[in-house]
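**Student:** Here is what each chain is made of, one letter per residue.
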Amino acid sequence: DAGVIQSPRHEVTEMGQEVTLRCKPISGHDYLFWYRQTMMRGLELLIYFNNNVPIDDSGMPEDRFSAKMPNASFSTLKIQPSEPRDSAVYFCASSPGRISYNEQFFGPGTRLTVL
Amino acid sequence: GDSVTQMEGPVTLSEEAFLTINCTYTATGYPSLFWYVQYPGEGLQLLLKATKADDKGSNKGFEATYRKETTSFHLEKGSVQVSDSAVYFCAPGQGSQGNLIFGKGTKLSVKP
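The listed protein sequences correspond, in order, to chains L and P. The first sequence finishes on residue 175 if you use this note's numbering, and the numbering steps up by one all the way, no holes. The second sequence finishes on residue 117 if you use this note's numbering, and the numbering steps up by one all the way, no holes.
Don't read these hints as lab results, they were simulated from the structure. Please note that the accuracy of each hint is not assured.
Have a look at the derived ranges for each label pair, beta carbon to beta carbon [unchecked claim]:
(1) L/76 - P/25: 42 to 50 Å
(2) P/20 - L/131: 46 to 54 Å
(3) P/75 - L/74: 25 to 33 Å
(4) P/31 - L/141: 32 to 40 Å
(5) P/57 - L/123: 35 to 43 Å
(6) P/46 - L/117: 45 to 53 Å
(7) P/58 - L/104: 25 to 33 Å
(8) L/111 - P/21: 30 to 38 Å
(9) L/88 - P/13: 31 to 39 Å
(10) L/98 - P/8: 15 to 23 Å
(11) P/51 - L/104: 18 to 26 Å
Yeah, the Cβ is synthetic: ideal placement off N, Cα and C, and Gly gets one too.
Take these sequences, add in the hints, and give me the full structure.
**Tutor:** This is the structure:
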């Protein structure tokens, strides 16, 4: 089992550029979560999907952020345009769902730096 | 709404000291309860869990007991090691909604 895969692991970009983060969940998992972690705000849930359908996006900071899950094995988080305050580590996690009592499996994260 | 309150850090201990990190929660029903650990530069990984009242989760010398009457899930370890230095997150499940409510995290530093 390869675990949750995220790419890229590090991303450095300039303000105003579009950034796309990618996630491949564990096969068979029904839920996918996107989190953001910063020193100031800690770990924040941005959005989560169940069976590829967005369930709760109330944590998405603003319209510059968007997330998609076109199929069960792939999700993207896009920031357009990016700003320095978006600099953070972004984690993707997946869960088998209720049969696992909500246990989540995290990817290694993408460290985003916006200059 | 559902929430979790976790002991604020940072916590600094000497090697072989006893560790307690307090966690209390408010939730509808009886959620599953989790402790996650994040080592420097890594993602979160499950440390232990308990799925019903009075269950004790344990792993790597860490323990936590699901206390329904006090809605608590305190993390304990009898003798910490330098390698336990990390950030610890308490996280109750949010029932049928499928997600977890993460605490703010407690940073533990263990000195030799």
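**Student:** Can you name, in rising order, the numbers of the hints this structure does not satisfy?
**Tutor:** 3, 6, 8
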